[in-house]
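Read off the chains here:
2 protein chains.
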Amino acid sequence: MPDPTSPIALPPSSDEALAAAMKEAAARVEQALDTLLPRPEGPEGRLFEAMRYATLGGGKRLRAFLVMQTAALFKVNATCSARVAAAVEMIHAYSLVHDDLPAMDDDDLRRGKPSTHRAFDEATAILAGDALQTRAFEVLAEADTHSDPNARLELILALAHAAGGRGMVGGQMIDIDAEGKTLTEPEIIRLQALKTGRLIQFSAEAGAILGRAAPAQRTALAWYGRDLGAAFQIADDLLDALGTTEETGKTAGKDEAAGKATLVALLGPERARHQAEMLARQAISHLESFGTEAELLRALARFVVARRH
Amino acid sequence: MPDPTSPIALPPSSDEALAAAMKEAAARVEQALDTLLPRPEGPEGRLFEAMRYATLGGGKRLRAFLVMQTAALFKVNATCSARVAAAVEMIHAYSLVHDDLPAMDDDDLRRGKPSTHRAFDEATAILAGDALQTRAFEVLAEADTHSDPNARLELILALAHAAGGRGMVGGQMIDIDAEGKTLTEPEIIRLQALKTGRLIQFSAEAGAILGRAAPAQRTALAWYGRDLGAAFQIADDLLDALGTTEETGKTAGKDEAAGKATLVALLGPERARHQAEMLARQAISHLESFGTEAELLRALARFVVARRH
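Chains A and B, in that order, are what the protein sequence lines are. Residue numbering for the first sequence is -14 to 294, as defined by this note's numbering. Residue numbering for the second sequence is -14 to 294, as defined by this note's numbering.
Since the hints were derived computationally from the structure, they do not count as laboratory data. None of these values were measured; they are calculated from a predicted model. Just so it is clear, CB atoms sit at the ideal spot from N, CA and C, and this is done for glycine as well. Heads up, some of the hints might be wrong.
Going by beta-carbon spacing under 10 Å, a handful of chain B positions derived as facing chain A [unchecked claim]:
(1) GLU29
(2) MET36
(3) HIS83
(4) PRO87
(5) ALA108
(6) GLU123
(7) ALA128
(8) ASN135
(9) ILE141
(10) ILE161
Distance windows between CB atoms, simulated [unchecked claim]:
(11) A:ASN135 / B:THR277: 37 to 45 Å
(12) A:LYS98 / B:THR169: 30 to 38 Å
(13) A:GLU164 / B:PRO99: 21 to 29 Å
(14) B:ALA12 / A:GLU170: 44 to 52 Å
(15) A:GLU170 / B:GLY165: 49 to 57 Å
(16) A:ASP0 / B:GLY27: 38 to 46 Å
(17) B:ARG197 / A:GLY27: 30 to 38 Å
(18) A:GLU164 / B:PRO254: 43 to 51 Å
(19) A:GLY30 / B:GLU1: 46 to 54 Å
The shape of chain A in the complex, shown without the other chains (with noise of 0.2 Å):
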């Protein structure tokens, strides 16, 4: 019998269980990462060190998350997840240390600490960028990330259109050519919806494609990705715009001084918040049919617009 002088054991709230989850996802695709990426040896080490550097033990790991999350709704491995998350870091890291370099952001900091080519050097950072989106497809076409072939070729064409010339690559374009313009409300919309947008959706529909589910069930998942993740870029300008280096680990106020397009500095950061809230919201209003399995996808939406870091 239970002592009954102990305190009672409450459920966490989802804002504790929340954190639990990530933290254990990001530790789950530490562990991936880390197995996957390959260890410094020969003459080429100096390039497998900088893919370490620029992948392992940075940042929240949302887009790991997402995948993991979405998965467990369909009772998909979690080594099988895992991989796959694994691979959707890998093409993030490459597009942050390509982003990060003199010729595009110039950024000296990256997770609160120096960016792949202040710790390497520009052409080591170029090439670890390239290896990183290359393992990525590798790693989803070995036969350990799913049973089923044509699974994997799912995985492998979503992730490819969400982070090509059509997708993340396309919307950097866009920004970099923006510096400096005055764009409208709709073109900062699509500008951000491809730059950060469609990972973070391929993140939400990866586990539908990994559980074999209904179209329906992959258009929902793919539907909260895509709100979720246009509201997570205005949490995001609004940090950089209202936040401090140290709070969140990138020099802040980058945005303003090179006159990068935000929906901040078009709408004001009040209006902007505003927004950020109604798309997460609406984020959540597409987890209906799950019930109460997607309790951490809807605790995701609510943090994401919520945090302060």
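Chain A is fixed; fit chain B onto it per the hints.
Just chain B now, kept in the frame of chain A:
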């Protein structure tokens, strides 16, 4: 009845047949690339322009020819093999775009015209290279490439292995680190096997993957590709050392100026040419089981070491 006074129609020598077949393969892959690369539109149109600039209308298309010619040994549909040839040429083009960047080899000229970062700008060149790599894997994953999902996955795995950190990109890392250092002969051979050899080897193997060939046939073509690639690299370095910018469409003498590690520099042109010829004969020896069907692949091995541009 033919006019007895007209000259006898000799069968074209293998050199002429090779030139015609290479021209045809180049035209086919050009057509496939034009279809598979995105057309410039929207605010990200500059990215698609740069992707097309870097990929279309250039080069001997050695890799494309290898894919199409080895696929022909197994009667593979030319529409399928042209897609794989296009994917390989996208990877090759992306590697040249990034290799030419100021932080890498800093080259202003490529295939007789300004390199991509000179024709556009550095940021656009970095992004175009990135998106070309993504598109290559996407093309291989698409159902039109092969009716068997396992064949598509094998192509993706083999290309990723050839192009990634344990292949081409690893070779580029060693190449950059080696500038100004003196490498031994085995070190140079490994560098070149990674940097250019692996992708040429993949191109020769790709036909066997597409044709669902027996393992021994795939191995024979891989070995052919490996030796051909090594011979090709020495011949390329000889052209750089002895040719002119006008003949080669590239900045001549740049290897020596950059202190690049090549067998030509280590052994001298005569011994290097001897080694290339030996490798070409060795490449041909792997083709024995393919009989007369492989005559053009044999002619290619001879051409690679005899070419003057």
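Against the structure, the hints come out as follows:
Hint status for GLU29 (chain B): holds, given a least beta-carbon distance of 4 Å to chain A, under 10 Å. Given the 10 Å rule on beta carbons, the hint for MET36 (chain B) holds: about 7 Å separates it from the nearest Cβ of chain A. The beta carbon of HIS83 (chain B) is positioned within 10 Å of a beta carbon in chain A (closest approach about 6 Å), and the interface hint is therefore held. At its closest, the beta carbon of PRO87 (chain B) sits 8 Å from a beta carbon of chain A; the interface hint therefore holds under the 10 Å criterion.
Taking 10 Å as the C-beta contact cut-off toward chain A, the hint placing ALA108 (chain B) at the interface holds, the least distance being around 5 Å. Annotation: GLU123 (chain B) was flagged as interfacial toward chain A, and the flag holds, the nearest CB pair being 4 Å apart, inside 10 Å. Given hint, ALA128 (chain B) at the interface with chain A, holds; its Cβ is 8 Å from that chain's nearest Cβ, closer than 10 Å. A distance limit of 10 Å between C-beta atoms decides the matter here; for ASN135 (chain B) the minimum to chain A is near 5 Å, and the interface restraint holds.
Of the supplied interface hints, the one on ILE141 (chain B) holds, with its beta-carbon coming within about 4 Å of a beta-carbon of chain A, less than 10 Å. Evaluation of the ILE161 (chain B) hint against chain A yields a held restraint, the C-beta minimum of about 5 Å falling below 10 Å. The supplied range of 37 to 45 Å is met by ASN135 (chain A) and THR277 (chain B), whose beta-carbon atoms lie about 39 Å from each other. The hint said 30 to 38 Å for the Cβ distance between LYS98 (chain A) and THR169 (chain B), and at roughly 36 Å that hint holds.
Taking 21 to 29 Å as the suggested C-beta distance range, the pair GLU164 (chain A) and PRO99 (chain B) conforms, at roughly 24 Å. Between ALA12 (chain B) and GLU170 (chain A) the beta carbon distance is about 46 Å. The supplied range of 44 to 52 Å therefore holds. Roughly 52 Å separates the CB atoms of GLU170 (chain A) and GLY165 (chain B), a value that falls within the hinted 49 to 57 Å. Hint check: ASP0 (chain A) to GLY27 (chain B), Cβ distance near 40 Å, so the stated range 38 to 46 Å holds.
The hinted window of 30 to 38 Å between ARG197 (chain B) and GLY27 (chain A) holds, with their beta carbons roughly 34 Å apart. Checked against the hint of 43 to 51 Å, the pair GLU164 (chain A) and PRO254 (chain B) passes, with Cβ atoms roughly 49 Å apart. In this structure the hint that GLY30 (chain A) and GLU1 (chain B) lie 46 to 54 Å apart at CB holds, the actual value being about 48 Å.
Hint compliance for this structure: no hint is broken.
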